[in-house]
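Chain residues, written in single-letter form:
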Amino acid sequence: MTTDVTEVTVEELAALMKKAAGVTVDPQELERRVDTPFGEFGLDSLGLLGIVGELENRHGRALPTDAERCKSPRAFLDLVNGALTTGA
Amino acid sequence: MSGRGTRHTAVTGLGVVAPNGLDADTYWKSVKEGASVLDRITREGCEHLPLRVAGEVRGFDPSALIEETFLVQTDKFTHFALAAADAALQDAGLSSSAADSPYSVGVVTAAGSGGGEFGQRELQKLWGQGSRFVGPYQSIAWFYAASTGQISIRKGFKGPCGVVASDEAGGLDAVAHAARAVHRGTEVVVVGAAEAPLAPYSGVCQLGYPELSTEADPDRAYRPFTAAACGFVPAEGGAVLVVEDLERARRRDAFVRATVAGHAATFTGASRWDRSREGLAHAIRGALDEAGCAPEEIDVVFADAMGIPEADRAEALALADALGPHGTRVPVTAPKTGIGRSYCGAPLLDIVAAVQAMEHGQIPPTPGVFDICHDIDLVTARPRPAELRTALVLSRGLMGSNAALVLRRGPGPAR
Amino acid sequence: MTRRVAVTGIGVVAPGGIGVPAFWDLLSNGRTATRGITLFDPAGLRSRIAAECDFDPLAHGLDIDVVERADRYIQFALVAAREAVADSGVDFAAEDPWRVAVSLGSAVGGTTRLEHDYVLVSERGQRWDVDHRAAEPQLHRAFSPSTLAADVAERFGAQGPVQTVSTGCTSGLDAVGYAFHTIEEGRADLCIAGASDSPISPITMACFDAIKATSPNNDDPEHASRPFDAQRDGFVMGEGAAVLVLEELEHARARGAHIYCEIGGYATFGNAYHMTGLTCEGLEMARAIDDTLDHARVDPTEIDYVNAHGSGTRQNDRHETAAVKKSLGAHAYDTPMSSIKSMVGHSLGAIGAIEVVACVLALARQVVPPTANYETPDPECDLDYVPRTARPRRLDNVLSVGSGFGGFQSAVLLTGPSGRRRR
Chain V
268 MTTDVTEVTV EELAALMKKA AGVTVDPQEL ERRVDTPFGE FGLDSLGLLG
318 IVGELENRHG RALPTDAERC KSPRAFLDLV NGALTTGA
Chain C
248 MSGRGTRHTA VTGLGVVAPN GLDADTYWKS VKEGASVLDR ITREGCEHLP
298 LRVAGEVRGF DPSALIEETF LVQTDKFTHF ALAAADAALQ DAGLSSSAAD
348 SPYSVGVVTA AGSGGGEFGQ RELQKLWGQG SRFVGPYQSI AWFYAASTGQ
398 ISIRKGFKGP CGVVASDEAG GLDAVAHAAR AVHRGTEVVV VGAAEAPLAP
448 YSGVCQLGYP ELSTEADPDR AYRPFTAAAC GFVPAEGGAV LVVEDLERAR
498 RRDAFVRATV AGHAATFTGA SRWDRSREGL AHAIRGALDE AGCAPEEIDV
548 VFADAMGIPE ADRAEALALA DALGPHGTRV PVTAPKTGIG RSYCGAPLLD
598 IVAAVQAMEH GQIPPTPGVF DICHDIDLVT ARPRPAELRT ALVLSRGLMG
648 SNAALVLRRG PGPAR
Chain L
599 MTRRVAVTGI GVVAPGGIGV PAFWDLLSNG RTATRGITLF DPAGLRSRIA
649 AECDFDPLAH GLDIDVVERA DRYIQFALVA AREAVADSGV DFAAEDPWRV
699 AVSLGSAVGG TTRLEHDYVL VSERGQRWDV DHRAAEPQLH RAFSPSTLAA
749 DVAERFGAQG PVQTVSTGCT SGLDAVGYAF HTIEEGRADL CIAGASDSPI
799 SPITMACFDA IKATSPNNDD PEHASRPFDA QRDGFVMGEG AAVLVLEELE
849 HARARGAHIY CEIGGYATFG NAYHMTGLTC EGLEMARAID DTLDHARVDP
899 TEIDYVNAHG SGTRQNDRHE TAAVKKSLGA HAYDTPMSSI KSMVGHSLGA
949 IGAIEVVACV LALARQVVPP TANYETPDPE CDLDYVPRTA RPRRLDNVLS
999 VGSGFGGFQS AVLLTGPSGR RRR
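Residue numbers (this note's numbering), protein chains in the order written: chain V, 268 to 355; chain C, 248 to 662; chain L, 599 to 1021.
The shape of chain V in the complex, shown without the other chains:
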């Protein structure tokens, strides 16, 4: 599976949080609280692993091993988008 989508957006992350972990969060709120720890949104380690797995399958490539250890939405998006856009 190849893809033209290179950036994971805040909207996409919010949708993934819902789908993979059952966490409902408004994308605008996620944008506003982008440095808030995932735990405060109710997202745990397994949920983040589910999101990582989903993104890996969507983009057909592995993400950095640190992806599931990211503490906040910003850290996660920075790492993931860095990897996806550089093709690392």
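These are computed hints drawn from the structure, not numbers from a lab.
Any given hint could turn out to be false.
Claimed, not checked - If the Cβ cut is set under 8 Å, some of the chain C residues that face chain L in the computed set are:
1. P309
2. L312
3. I313
4. F317
5. L318
6. S378
7. G382
8. G406
9. G409
10. D414
11. A512
From the three backbone atoms N, C-alpha and C, an ideal C-beta is built for every residue, glycine too.
Take the given structure of chain V and dock chains C and L to it, following the hints.
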């Protein structure tokens, strides 16, 4: 004995998710009226199986009851258990914060089929798409311990937590396990069993049980104690109880709905129904002994009612063996013929029916069963009013377990 | 009068050796039995290593009809039970069958068979409405978790309380604990107790892959299970079974039985925290240890060895180290604590029972088994993990602890003959 049995454990909360009712009162109303909700199986992917009739839980909306973060990581059997646990705690007037210490509340469940639907979905991803498509929740949703773990986490209960992964009789064993934990000093235990075996692959797995009814007519599919007995009908759902130390319940002015008075379990071999006579009789004697209860004190029996002629005969004879002449006189009932057997959940639902029967002074009938061909007083057609102080609940499992539990009527609401 | 519970027989089926002598040989020499998976083709998995049993059921005395009918994990249990029963010298045919119980644990039960048949009936995952005609006739036995205890009960004629315990990775410890309660509280005089699991199958390996709990060190499987070592990167899946014959002490004495040790206490608590996660503080495991010692009336300073859960995940190793320090206080630093998972892998529900048997042997031989592969200390795990080499030591009271998915935290105390005299 050491006096560390099940005696003096109060039942203070009941929670039900059953094919005939999504709460304990609706369940009781249906049971009392002798309604049958057995029907052709409609679950997607099951319609072609030779398992035709089942007791399906209908109209259950987990999203209205349980947070989505719990729902995504759990199977239906855990959804049922979480909902029933909530109801039981509410009935008991307990919230997680009401405990003196998180360690004073334990959780015990019995499980006989696990998270089959969730597991099938993940197996399909693995074999249909590849291992990378298996999600992170498979490791915690399919296994038998899921419901105990999730109830404990959701409610913050850190007391002794256990799981009896068992055949049907394990439902009674779990209640005894909880009552014994109370005797060892745990104040409250949330205990129950709920099953969800009506998924396509789970259905296929059950087809191997020689006792499974494959009759297509819901009115004829599950008729224990009759000459037309042709096996049992599986069901989903179950019940959760709150049990607690009787003194503690009195201190907090709780409504003690019943007490768990005695239990015993035996084993006589898978599908060895002739031998279950001896096994069940031995279990009944053990439970009466622990309860300090004479056979004549038993006012009603909730039968296992397997629905196999040999098994039904064994159960009728076991009652006579263990209770003497009283065994043929005591009223016997099997409400499960109207809802099916939800494996470990079935005896829990019988406990709930027994508690409510004692409270209301009504023995519920055995739906759809007439023309009894055994020497027992099976209550049929309509409820029978009776003063009920003590109930005996029986259960046998397809893998050979027999269990008996004695319940005493509670003192009722605190004055 | 308090009833006491003795261990009078042990049996084990473990990676690297079937039977007690081979198992102890592996542990006491610090050898590892972890290797590349051979039971199926693991291509595509993140973790492709495991500790497998080289198990030939016919060579170990099982009849061909049992082999055809029973799942691998049940075969393990039958072989381990037979060894334990023979070791105990109990003539089960002469015992009151209603006083004989069975308590066996398994985390995933018949999953391997369930998956095997799923592939057949679903045309390799292509259809939801599976075709029952392709299923094997014994599939229901894999579906029912109680098959494990039932098969063992039937084999040895047990007619007392018979149960399968499934509390994730503490199943083995809890099965022994339930058996202990069953005898102590008078519901049986004898109990065949233990656990079995054979989880090395695609679905179970894949589900642990998905949460990155297993080691991806596929290039060096012999050294992949590294509990407490700073270089650890997850647990290595295992399989196997262990069974103990537990017996009311006077019953054992009356027949002149060899008594290995006594079960002094058992406790379990939930962490109510997370299905897979563990806290840094380990308070709930500490509570299980405290209650176990209280019940046994053993002081924390009397503990001579802790058999750790030691799975080799960073979270576990820190959790457990904190728990043991909280319960044993300063004495924790003087108490050797090792993980045999470094050698036999992590066989989920079975491992708790295998570890209890390791403790029984440690008491009998007065030797602490080592933590293999322990090379690089982790500053946050600063206890004595018995690196690589078994250590002779006077052992009277030995503690085995475990953690399981679902939040279960359990502990069992074993007390050897000299420890009993001391009390």
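Here's how the hints hold up against the structure:
Hint status for C:P309 relative to chain L: violated, with the closest Cβ pair at about 18 Å, above 8 Å. Residue-level restraint check for C:L312 is violated (minimum Cβ-Cβ distance to chain L is 19 Å; threshold 8 Å). A least Cβ separation of about 15 Å between C:I313 and chain L goes past the 8 Å threshold, and the interface hint is therefore violated. Checking C:F317 against chain L by beta carbon gives a least distance of about 10 Å; that is not within 8 Å, so the hint is violated.
Hint status for C:L318 relative to chain L: violated, with the closest Cβ pair at about 14 Å, above 8 Å. Given hint, C:S378 at the interface with chain L, holds; its Cβ is 4 Å from that chain's nearest Cβ, closer than 8 Å. A least Cβ separation of about 6 Å between C:G382 and chain L falls short of the 8 Å threshold, and the interface hint therefore holds. Satisfaction of the interface hint for C:G406 is found here, the shortest Cβ-Cβ separation to chain L being roughly 7 Å, below the 8 Å cut-off.
Interface hint at C:G409: satisfied, since its Cβ lies 6 Å from the closest Cβ of chain L, which is below the 8 Å cut-off. The beta carbon of C:D414 is positioned within 8 Å of a beta carbon in chain L (closest approach about 4 Å), and the interface hint is therefore held. A hinted interface residue such as C:A512 counts as satisfied when its beta carbon comes closer than 8 Å to some beta carbon of chain L; here the least separation is about 4 Å, so the hint holds.
Violation of the numbered hints given earlier is confined to hints 1, 2, 3, 4, 5; the remaining hints are satisfied by the structure.
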